[in-house]
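> All chains, please: the whole structure from these sequences, using the hints.
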Amino acid sequence: MSTVLRMTQVTKTYGGGDAAVHALDDVDFNIEAGEVVVVMGPSGAGKTTFLTIAGALLTPTSGTVEISGVNITALSEKELPDVRRERIGFVFQSFNLLEALSAIENVTLVMTEGSPKSRGAVNRASELMNMLGLGHRLKSLPRNLSGGEKQRVAIARALANNPDLILADEPTANLDSKRGREVMQLLRQIAFEMHKAVVIVSHDHRTREIASRIAWLEDGTFRPDVATDRDPVCQRVVEVQGSPAFSYESRSYYFCSTQCLELFKADPAQQLAGKRQ
Amino acid sequence: MLLVARKNLFSEWTRLVISVGGVALSVFLISLLLSLYRGWDEKVGGFVEHSNVDLWLGSEGAEDFLTAASLLPTEGKEAEQAKEYLNAYPSIDQWSPMIVRLMQGVRVDRISATEEKIGSKIDIHFIGFDPNTRLGGPIEVIEGRDTPGPGEVIIDEKLGDRHGIGIGDTLRAGGRDWTVVGKSRGGDFIATQTVFVSHAEAQAALRMQGATTFYVIKVRQGVDPAQLGAALEDQAARNEAPIVTHTREEFAKSTRDRVTSNVLPILFVVLGLAFIVGVSVAGLTIYTATIEKAREYGILKAVGFRNTYLYRVVFEQSAVTALLGFAVGIGLTVGIGPFASDYVPQFVLFTRWQDVLLVAGVTVVMALIAAYIPVRRLGAIDPVSVFKG
Ligand SMILES: Nc1ncnc2c1ncn2[C@@H]1O[C@H](COP(=O)(O)OP(=O)(O)O)[C@@H](O)[C@H]1O
Ligand SMILES: [Mg+2]
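Line order of the protein sequences matches chains H and W.
By this note's numbering, the letter at position 154 of the first sequence is numbered 154, and the numbering carries on one by one without gaps.
Counting from 1 along the second sequence, just add 277 to a position and that's the residue number in this note's numbering.
Hints in this document: simulated from the structure, not taken from any laboratory.
No residue lacks a Cβ here, since even glycine has one placed at the ideal position from N, Cα and C.
Take the hints with a grain of salt, since some may be wrong.
[What the hints assert, rightly or not] Simulated restraints, written as ranges between beta carbons of each label pair:
#	chain 1	residue 1	chain 2	residue 2	range
1	H	209	W	294	22 to 30 Å
2	H	273	W	654	21 to 29 Å
3	H	193	W	662	56 to 64 Å
4	H	273	W	569	37 to 45 Å
5	W	534	H	99	55 to 63 Å
6	H	71	W	654	28 to 36 Å
7	W	291	H	120	30 to 38 Å
8	H	133	W	585	30 to 38 Å
9	H	18	W	288	42 to 50 Å
10	W	654	H	195	37 to 45 Å
11	W	553	H	13	21 to 29 Å
12	W	569	H	71	36 to 44 Å
13	W	557	H	139	47 to 55 Å
14	H	139	W	585	25 to 33 Å
As structure tokens, then:
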């Protein structure tokens with residue numbers, strides 16, 4: 001598997017002197033293609049800081065950030081917009097569509113910069129939007145779309161340039177529970193079927209359902225004691241600490257119970273194949 | 278035009294109308310004032326420019342046609358000497374005396390032998406010309422007779438239009454009543470118009486026997502009037518009867534300057550104000566539009582658009598606003614140009630393409646300034662802000 005985002009010893013300090021805030025403190029983080037990692041933690045823990053550094057919007061005080069093998073901390077400020085446009089898809093809490101543009105224009109814009117009308121861009125955008133169930137909404141203005149539809153347009157925009165990494169900040173916070181669940185399922189599908197690395201910052205405990213792993217951020221550090229992984233048999237998210245574990249093909253798997261562990265041990269290949277479906 | 282710029286601009290019609298209206302008003306004012314200036318310039322200098330006189334000869338201090346501040350003798354020893362000299366001078370084709378006097382006249386309607394109705398006062402340039410040479414006479418006679426006899430005048434068509442005077446009517450000026458026998462074109466100085474009588478009649482009516490305002494000269498083919506003028510000035514100086522001479526171009530220019538030198542400073546102030554109006558309205562609407570959309574510009578930054586792209590978006594909006602405003606403003610000026618003086622006689626508009634280009638340039642500057650302040654704000658927008666709420 002390929003590591004899409006690798007953050008090594010990342011520290012971010014806002015301000016200086018007595019007023020200095022260590023929003024991130026020596027953080028390591030990796031995510032691979034096909035994974036969904038949900039970052040949780042209390043307010044002020046550093047989640048937004050983490051996401052904006054991962055998203056090449058903010059440069060860390062120290063440490064390195066690699067996206068698809070490119071060390072973006074070595075790039076100049078001027079080169080970062082291209083990294084964001086080509087390698088990262090953003091999904092925001094408040095959708096952040098451009099109000100004067102139709103749904104499909106919001107998507108094609110990031111592909112063509114909105115200068116000449118590109119057939120290819122329009123085709124790809126409508127394909128993506130059809131896939132996301134927005135085929136009948138291509139020409140609608142954002143103000144005529146429901147929250148769920150808006151977020152799906154935003155997801156289409158995030159996918160437009162076929163990035164390896166999707167970063168979502170509280171993507172369900174402005175949605176009712178049904179729409180929220182739909183959006184989460186979509187993000188999960190995107191990771192598994194389109195083989196993207198999806199990082200979701202969320203307070204929403206339902207995101208556990210779709211997470212490959214949950215990372216707890218508190219006071220600017222990930223807490224290993226609440227590191228989690230998904231039980232490959234029953235698909236529950238389990239805390240790594242204290243759970244039954246088993247190594248297979250140089251990766252550790254964690255289980256909710258010894259029953260699941262035994263099932264896995266019996267035929268790991270088949271269990272993992274089941275998870276992929 | 279970039280998609281975002283186009284959509285932002287045309288999705289809000291009220292704002293678009295206001296900003297285009299602001300630029301249009303400004304362009305209209307600027308082009309109108311310029312056209313008015315050109316129109317006046319053209320009219321005021323036009324008579325001297327189009328007349329058949331190549332060289333104007335006046336007493337010292339006579340610098341322009343409008344004031345006609347000159348007095349020269351036509352009789353006596355000095356005059357005889359001068360006439361002989363002019364007649365003998367090889368490069369002179371023709372010469373004549375010419376009287377020009379700024380005065381007021383009135384239209385008179387005789388109701389009966391004892392009763393008459395007096396019209397409103399009319400400012401005129403009363404001209405006496407020599408009917409034999411026609412030097413300094415009407416530029417083009419368009420109606421009636423081309424040579425006024427005793428007690429007869431030819432009036433400028435604009436004077437006729439403005440005051441309702443036609444052929445056969447009576448004009449009282451210079452202490453006499455004159456019968457209008459013809460109408461001419463090209464003698465409109467906006468504030469005054471020409472009225473032509475014969476030189477002898479002018480001398481008699483104005484009690485200028487033995488005197489004239491100018492001597493006007495037509496040179497032979499190929500002769501440089503400026504050189505002739507210098508030679509005549511030298512000769513007159515030697516005779517201790519100093520005179521000044523002006524070529525057609527000099528005289529037209531100084532005549533124009535007499536009017537425009539006073540108007541120009543005011544014109545520049547008003548042009549400047551009109552420019553400020555345009556920049557302010559366009560700048561403010563574009564600025565508020567940009568501020569209102571600050572979050573969207575932040576979104577664009579977040580998803581990977583560069584600052585230069587955002588600058589372009591704002592500049593294109595500003596440029597298209599300016600272009601539309603320019604079209605409307607110039608359209609108004611060009612549209613009303615031919616009819617304006619029918620309603621207000623002083624509104625003589627002459628729109629030159631050079632001035633249209635100039636106004637276009639001014640509009641571009643307006644667009645640049647209007648875009649500059651919002652563009653500076655764009656640079657400061659933090660894309661991280663779009664992660665909030
Ligand atoms: N631009 C900033 N300047 C100064 N301090 C900041 C800034 N952004 C965030 N912080 C501080 O850094 C810490 C982490 O913030 P943030 O990453 O927004 O946490 P979260 O998203 O988990 O609520 C908080 O204490 C916050 O006050
Ligand atoms: Mg936050």
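> Could you run down the list of hints and mark each one as holding or not?
Here is how each hint holds up against the structure:
no.: 1; hint: H/209 to W/294: 22 to 30 Å; result: 52 Å, violated
no.: 2; hint: H/273 to W/654: 21 to 29 Å; result: 55 Å, violated
no.: 3; hint: H/193 to W/662: 56 to 64 Å; result: 33 Å, violated
no.: 4; hint: H/273 to W/569: 37 to 45 Å; result: 53 Å, violated
no.: 5; hint: W/534 to H/99: 55 to 63 Å; result: 57 Å, holds
no.: 6; hint: H/71 to W/654: 28 to 36 Å; result: 33 Å, holds
no.: 7; hint: W/291 to H/120: 30 to 38 Å; result: 37 Å, holds
no.: 8; hint: H/133 to W/585: 30 to 38 Å; result: 36 Å, holds
no.: 9; hint: H/18 to W/288: 42 to 50 Å; result: 48 Å, holds
no.: 10; hint: W/654 to H/195: 37 to 45 Å; result: 41 Å, holds
no.: 11; hint: W/553 to H/13: 21 to 29 Å; result: 47 Å, violated
no.: 12; hint: W/569 to H/71: 36 to 44 Å; result: 38 Å, holds
no.: 13; hint: W/557 to H/139: 47 to 55 Å; result: 37 Å, violated
no.: 14; hint: H/139 to W/585: 25 to 33 Å; result: 30 Å, holds
Checked against the numbered hints above, the structure violates hints 1, 2, 3, 4, 11, 13; every other hint is satisfied.
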